[in-house]
Amino acid sequence: MIMMVLAAIAVSCDKDEDTETCDSEDLAEDFSCPVDVDAIATFCTDGVSDSYYTYNGNDYMCTGVEASTCDNALIQLGVALIEAGCGTKKNSESFDSGLIELSQMAENLLAEVRAESLYN
Amino acid sequence: MGKRIKKPTIWLYILLAIFIITTIVWYINDGFLEKKLRTKIDIQEHELDIVYGSDSADLTIFLFSNYSCSFCRKFFAFVYPKLKEEYIDHGKIKLVVKPVDLTNNKNVINSLKIAVCINEYGKFEKLNKLLLFEPKVVYNEEFSNLIDEFIEKDIFVAECMLGGESDEYIVENILKFQSLKLTGTPIFIINNKIYKGYSDYENFKKLIEKELSYTLH
Chain B
11 MIMMVLAAIA
21 VSCDKDEDTE
31 TCDSEDLAED
41 FSCPVDVDAI
51 ATFCTDGVSD
61 SYYTYNGNDY
71 MCTGVEASTC
81 DNALIQLGVA
91 LIEAGCGTKK
101 NSESFDSGLI
111 ELSQMAENLL
121 AEVRAESLYN
Chain V
622 MGKRIKKPTI
632 WLYILLAIFI
642 ITTIVWYIND
652 GFLEKKLRTK
662 IDIQEHELDI
672 VYGSDSADLT
682 IFLFSNYSCS
692 FCRKFFAFVY
702 PKLKEEYIDH
712 GKIKLVVKPV
722 DLTNNKNVIN
732 SLKIAVCINE
742 YGKFEKLNKL
752 LLFEPKVVYN
762 EEFSNLIDEF
772 IEKDIFVAEC
782 MLGGESDEYI
792 VENILKFQSL
802 KLTGTPIFII
812 NNKIYKGYSD
822 YENFKKLIEK
832 ELSYTLH
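Those protein sequences? They're chains B and V, same order as listed. Residue numbers 11 to 130, in our numbering, belong to the letters of the first sequence in order. Residue numbers 622 to 838, in our numbering, belong to the letters of the second sequence in order.
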């Protein structure tokens with residue numbers, strides 16, 4: 011009976027073979043870049059749990075519990091676009107344009123940081 | 622014709638199986654197997670870590686975090702305040718934050734360096750609040766100017782930023798992060814066990830109670 015239980019557990023833990031699919035998007039086209047810029051992001055997923063962005067030779071995991079790493083890929087892309095002088099708003103839909111422009115609240119906080127962070 | 626098994630013998634097998642399964646469950650719940658399964662993780666405090674809580678706390682939680690990680694910010698916005706009130710302020714928990722850079726971007730690295738340097742040699746509250754509220758501020762020229770101002774005005778901050786101390790620390794954190802085969806943040810390490818990702822306060826509290834009970838045993 012124990013052997014049967016262990017066998018059942020072993021079968022239930024078997025992982026299905028990966029069926030990974032990838033999709034590339036050239037963001038430079040979307041952001042009216044004046045020059046060629048390496049902003050091709052590839053998004054791969056196995057359709058179950060593992061998914062990631064590949065950009066500039068690095069993989070940025072983007073799973074359900076680690077979705078924050080998607081931010082890192084997007085920030086890298088955002089910086090590349092800004093440094094290349096691209097627009098800060100996506101042509102087709104709104105993109106996070108706050109990469110370099112600060113809200114009033116952030117400006118106020120920045121002033122507080124300047125005034126209150128040093129002992130001297 | 623095969624030999625028939627008598628009914629009482631079948632019941633004996635069933636009872637024996639139930640007994641063995643119950644024993645295994647009891648061992649697991651008692652932490653017997655868990656203690657054996659937890660391998661030692663070599664993680665220690667560093668003087669530049671951002672620490673909340675007392676050194677005499679019952680439990681130390683290590684947290685790999687960064688400001689560009691939305692779930693790390695969510696943790697500090699929604700979980701940390703209750704954690705502080707219920708556990709940290711009562712000396713039960715010490716939270717040791719190890720900032721880790723996953724981008725290799727110079728603005729992000731500089732922001733982590735100034736964060737740990739101001740935490741060590743200045744007043745961190747406002748800077749922490751700014752980075753949590755608006756992490757993209759690190760790409761703003763004003764923020765770079767601010768770092769230069771701090772370096773110019775405070776010799777300790779300057780030494781921390783330019784003398785290699787904070788650079789070594791940030792590199793050490795990412796090497797430790799990679800050596801543990803971690804890929805994303807937030808990562809919590811408690812009692813040699815790695816917990817990945819964000820969870821709300823209720824679930825985090827259950828985890829803490831479990832780990833506190835493990836520690837006190």
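Hints in this document: simulated from the structure, not taken from any laboratory. Source: prediction; values computed, not measured. Glycine residues also receive a C-beta, built at the ideal position from the N, C-alpha and C atoms. Fair warning: there could be bad hints in the mix.
Cβ-Cβ distance ranges computed for the label pairs, FRET-style [to be verified]:
#1 B:114 with V:646: 55 to 61 Å
#2 V:710 with B:118: 24 to 30 Å
#3 B:114 with V:706: 27 to 33 Å
#4 B:113 with V:800: 37 to 43 Å
#5 V:792 with B:118: 31 to 37 Å
#6 B:118 with V:823: 31 to 37 Å
#7 B:125 with V:788: 25 to 31 Å
#8 B:118 with V:777: 24 to 30 Å
Query raised in the report: So which of the earlier hints does this model not fit?
Result: Going through the list in order, the structure violates no hint and respects every one.
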